[in-house]
Each structure stands twice: as structure tokens, then as C-alpha cells.
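Engineer: So the chains spell out like this:
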Amino acid sequence: MRVVAIIFSILSFLRSFAQDAREIVKKADEKMRGSTMQAEMVIKIIRPAWNREMQCKIWMKGNNLAMILLTAPAKDKGIVFLKRKKEVWNWMPVLERNIKLPPSMMGQSWMGTDFTNDDLIKESSTVEDYDHTIMGDTVIQDRSCYIIRMIPKPSAAIIWSKVILCIDKKDFLELHSRFYDDDGQLINTMNSYDIKLMHDRIIPTRFEMIPADKKGQRTEMIYKSMLYNAPIDDDFFSTEKMKTLN
Amino acid sequence: MKKLLLWCFTLLSALITNAQDSTVMPHKLTFNGYIKDLQTLTFDKDFSDLIAGNLIHNRINVKWKPSGKITGVAEFRTRLFWGEEVKLTPHFTSLLKNENEVIDMQKIWIENTSLILLTNVERLYFDYSNDKLSLRIGRQRINWGLTTTWNPNDIFNAYNFLDFDYEERPGVDAGKIRYLFGNSSNIEFAYSLTDKKNGSVGAVKYALNKWNYDMQLMAGWYHNQMTAGAGWAGSIKDVGFKGEAQYFFAGKDSLAHLNVALEGDYMFKKGWYLNLGILFNNRGLNKPVSNWSNLDFVLSPENLMPTKWNLIVTGAREITPLLSVNVTVLYSPGTNLTIFYPSIQYNIATNLDVNFVWQSFYAGQDHGFEAVNHRAFVRLKWNF
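Note that the protein sequences, when read in sequence, are chains A and B.
Residue numbering for the first sequence follows our numbering, beginning at -5 and increasing consecutively.
Residue numbering for the second sequence follows our numbering, beginning at 931 and increasing consecutively.
Treat the hints as calculated values from the structure; they're not laboratory data.
Among the hints, erroneous ones may be present.
[Said to hold, decoys possible] Under the rule of at most 30 Å between Cα atoms (straight-line distance), these lysine-lysine pairs were calculated in the DSS-like manner:
#, chain 1, residue 1, chain 2, residue 2
1, B, K958, A, K235
2, B, K958, A, K208
3, B, K975, A, K51
4, A, K235, B, K1027
5, A, K208, B, K1062
6, A, K71, B, K1182
7, A, K71, B, K1062
8, A, K79, B, K1017
9, A, K156, B, K1200
10, A, K51, B, K995
11, B, K1199, A, K209
12, B, K1199, A, K79
13, A, K163, A, K71
14, A, K218, A, K20
15, A, K71, B, K1017
16, B, K958, A, K156
17, B, K999, A, K79
18, B, K958, A, K51
19, A, K38, B, K1140
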């Protein structure tokens, strides 16, 4: 009887390691993104002395196509960002003009938040652009998680030198991530909370990004609604469509 | 004119009443705008003389979308000027008129020696768009520019880049039709009228997105001259690279004219942004001018700067999400015209911003390189 127990435990041990690190990250990524996604979200910039809140709608298809429409506050309402492969445009309703942004804008803060453009409309792929290794296990929010280390491939243009992810073993939810710069310094920490059923799946709906060196500073992103895998035509992600979103 | 305005306001109020109970389709009608208070101090070259100007500026934008294909837009700009600037500037009211507008939709409510209140209908158009075709008729802005500071391709409605308080920029009375060939190319024809003799402008533009570049070619007429131009917006590695060129062919009583603008921009780590631009205006001034006070910045699509060679550098930095700083320096070799133009923007509350703006003008003059004048602005802006 004991032998059987040991065999089972070894088997399960082996099985968990057979879950290739890349596969785990891929599952977590697919879970959060779907083949397409449409979301409404609230973004809160939290600083020791003040807070600001904005709202946006976001449409994404794969890694190459994304659109963001700001819906609040009043002064930013109607601003649109479009990403198509490596190109990014910014529609300014006040100017009635579409401005093409330099690629160097992608790694920078998006609208003053602690998220970069790349965090929001992922240009880099967590699956394709990194090498993945399982480092161990941990428990976060009562969920057993894999700890995975991701090192960017030399060919990928990624500002991090290393990313540590904690992914829930059962539902493949990315619950915690740490981002390190070239000197190995921790720059940002991301935590995910409020796991709920959104459309057809269970996902975290509140994410906080905390810069390491700034006390009392963070940005929260909260999903208000979510629609996965609804077909979106590629033509939707066009500079013409940007002008007519509201 | 009075009738038209009255009609617009009646329509507006009718629409607003409708909006209150149309909760089912909240996006049918949208309404937004702002109120700005702008205080201006104009100093002479050695700060010995000072003229103060006051402006309260309101804009109301109404958009009506009865269906996915049809849009109606009306935008009203109301300004109240008072103080020394009004008193001391001859023909102040006439300077407030947009010369490109053929239909007079400006109403002066109050006009006396030190106070002016006026409203202008800035946009009033009807738009029909389906997947392929888009048609827009009425007072509108035709934006054909791709670069930031100067837009040689913008032949319908030039603007002065120093006029930071007029973000929307002036419009024209025009018709525009566009046909989309797909996701990445389209052709557009636009025609605008002014009340001047031979004042019409018409052109065709073909736009294409290829090799990660937005590109455009255009040809048409500007008043009584033929014109052709080209523009692009793309990048070299991580640096944005844009440009526009416009050539005006010699006409019966006009000379050939060339404007070229080039621009590069880059976003550094930690939020530093740098933009470098050049404008070449082949008929611009290239020698020191004896009296700069006589030179004004009344610009046209042919004449985007009074000077021949113009270099502009803008550095911007978001210090916090609430506070940003911008410094622009313009230099024109030959005339030695130099403009120092820093500004600070601070977000006091969600929809309330304050701006501090400075503009100093210097140039090579009879007594060598010296200041022409200085302007300081404080602006409070509330969006709704």
C-alpha cells in the first residue's frame, strides 16, 4: 500500500514537471487573452498624495492587433491608440488628427500609469520571446502555483533581463510577476486579485503594478466586462476605424 | 446670420432635451467642451512696458449619431476678451475672424472699446460613411498633415503653431469625399471655398500604408496656382521619421514656391521625449530684418514661417502623471530669429488643468541680436 502511495506521489511529481514551463505560460497567456478579447476597464493611478482614475475599452486580436479607446475622464475621452504589428497610431479627437508614434514609445509609461504600452497591448509575446524554466512551487491566495523564470531571447526587443511568474496550477492564472532590469534590480511587481467568472472563464479581474523604488505608488487595472473569442475582423484595427469609435 | 445661430441653438437645446430620456441609446448624442480662462502679459523687449489681456473661452461640441453611418457635428466657440489688449489693439475684432470661412457664422454679442464677446460656429457638418465611402459636407477641418509643428501638405487650413490656445485649429467651408481601397490605402478629394476672388482650394490625395510607413501623394490647385505634394510618417529603428513637401507652381501673377518639413522624434527612458524639426520655405527671409515688430505671423499654407530656414527642438518630460514640462526652441539662421517657448502643465483635479506658458522672441536687428518681445500666459482649463 505504501509502495503504491510512493509510486503515485512520484508519478504526480513527474507529471507536474512534465508540464513543460513553456506550456504553462502558454496556457496562462491563452486564458487571459483568448483568440480575441474585448474589455472595459478602469485604471487607477495611486500615489501617496493623490489618485486619478480613467476608463477605457480595449480590443485585442493575437499579438499584432490592438485598439484602446479612452472613455473617461472628459478631457481624454475619445483618444484612441491603435497597434498593428510594429506600428502605433494615436487619434486625438480634439485635433481631429492621427499621429504616428515612434516605436521607442512602446517601452514607456502608458498615459502616466505604471504600466508600459507594451504591458497593455502586448507587442512581445510571453510565449515566443522568452525561454522558460520551472523554479519551484509556492502558494498564493490559497492556490498552489508554479514559479517560472523567463529570460528574454537575445533576438527579442524586451526591456527586462528576467521575469519571474507565479502561475496557479489548477486554473493557469498568473497571480504574481516580478520584472527585473539589466542590472538584476527588481523594477516592477504585478499582483492579480479578485478571481471571478468573466464571460466564459475564471480569471483575475484586478491587477496592480507596483514600482519597486517608489513608496506608496501603484497602478490598478480592473476589468469591468470581458468578451472572449468573439470574431473581430482585421479591418477593425485600422486608422479609419479609430476615427469612428465614438 | 442671427437666424442661423438661433436655429443652431434651438436644434442644440432640442437635442439635449432628447438626450435626457434616450437612455436606451446613450451614444446617439454626445456633448462636451471646456471653459478656459487665459491671462496674457505682453512685455516689450526690455520689460519696460506691459500690456495685459484677458480671455474667457468656451467651446461646446455636439455630435449627433442617428445611425452607424450618419454623423452630424456642430461646434461653437465663444470668447470674451477684455482689458488693455482690446483697448490698445486697433481693429481687434477684425483680427478674430477666420478669413477662410465663406459663410459668416460669427456673431458679435458685445463690442466696445475694452470688451468683446463673440461666438463663432467652428464646425457644422454632416458626415456619411460606410465601409468604403465617406462623404463630409459643411464647415470642417481638413487635416492632411503628418508632421507635428509645420504641415506643408495642409493646404486647406494653415495654423500658427504659437497659438497654443486654439487646439482645434480653424476650419473651412468644404466638401470632402473619400474612398477606401482596403485597410491600407484610400483616395480623397476635397474642395473648399473662401469669399476671396479665386479663393477656392481643391486637391486629390492618395494615401498608402506600406513598409511600416504612412505615405501620401497629393495634387490640386491652391487659389490660382497648381500644387503638388508628398508626405510620410514612419520610423528608422526606434526613431520616428516624418516629412512633408509641397510645391506651388508659378502662376500668372504668382511665383513658384516650395515648402519642406522634416521631423524626427524619440522617447527616451524615464519619460523624456525629444522632437527635432526643420522647415525650409524657399521664399522666406534669410537676412536680418530691421524691425521685427512689423513682421507678423499671419500665415498661409504657402508661408508657414516668414523665415527661410527654421530649426525647432522640443524636449518634453512627464515629471509625474499630473505635471509635465515642455521646452521648445526655434532658430532661423540668416535672420537669427529665435523663439524660446517653455511651458508647464499641471492637472489640479480630474478635469481641471493649469498651464504656464512663456514665449520670448529674439532676432538679429539694427543693433545686433536682441529681444523683440516676451509673452507670458496663465491658463486654467476645465473640461466637461
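Engineer: Next step is simple, just say for each hint if it's right about the structure.
Structural biologist: Hint-by-hint comparison with the structure:
1. B:K958 x A:K235: holds (18 Å)
2. B:K958 x A:K208: Measuring from Cα to Cα gives roughly 43 Å; hence the hint is violated.
3. B:K975 x A:K51: Violated - the C-alpha atoms of K51 (chain A) and K975 (chain B) are around 50 Å apart, more than 30 Å.
4. A:K235 x B:K1027: Given pair K235 (chain A), K1027 (chain B) is violated - Cα atoms ~34 Å apart, limit 30 Å.
5. A:K208 x B:K1062: violated (50 Å)
6. A:K71 x B:K1182: violated (48 Å)
7. A:K71 x B:K1062: This hinted pair holds, its Cα atoms lying about 26 Å apart.
8. A:K79 x B:K1017: violated (56 Å)
9. A:K156 x B:K1200: Holds, at about 19 Å.
10. A:K51 x B:K995: holds (19 Å)
11. B:K1199 x A:K209: holds (20 Å)
12. B:K1199 x A:K79: It holds: about 22 Å lies between the C-alpha atoms, which stays within 30 Å.
13. A:K163 x A:K71: violated (40 Å)
14. A:K218 x A:K20: holds (24 Å)
15. A:K71 x B:K1017: Violated. K71 (chain A) to K1017 (chain B) sits at ~38 Å, over the 30 Å cutoff.
16. B:K958 x A:K156: Violated, because 48 Å separates the two Cα atoms, which is more than 30 Å.
17. B:K999 x A:K79: This hinted pair holds, its Cα atoms lying about 28 Å apart.
18. B:K958 x A:K51: OK: K958 (chain B) and K51 (chain A) at ~18 Å, within 30 Å.
19. A:K38 x B:K1140: Outside the cut-off at roughly 37 Å; violated.
Comparing the model with each earlier hint shows violations of hints 2, 3, 4, 5, 6, 8, 13, 15, 16 and 19; every other hint is respected.
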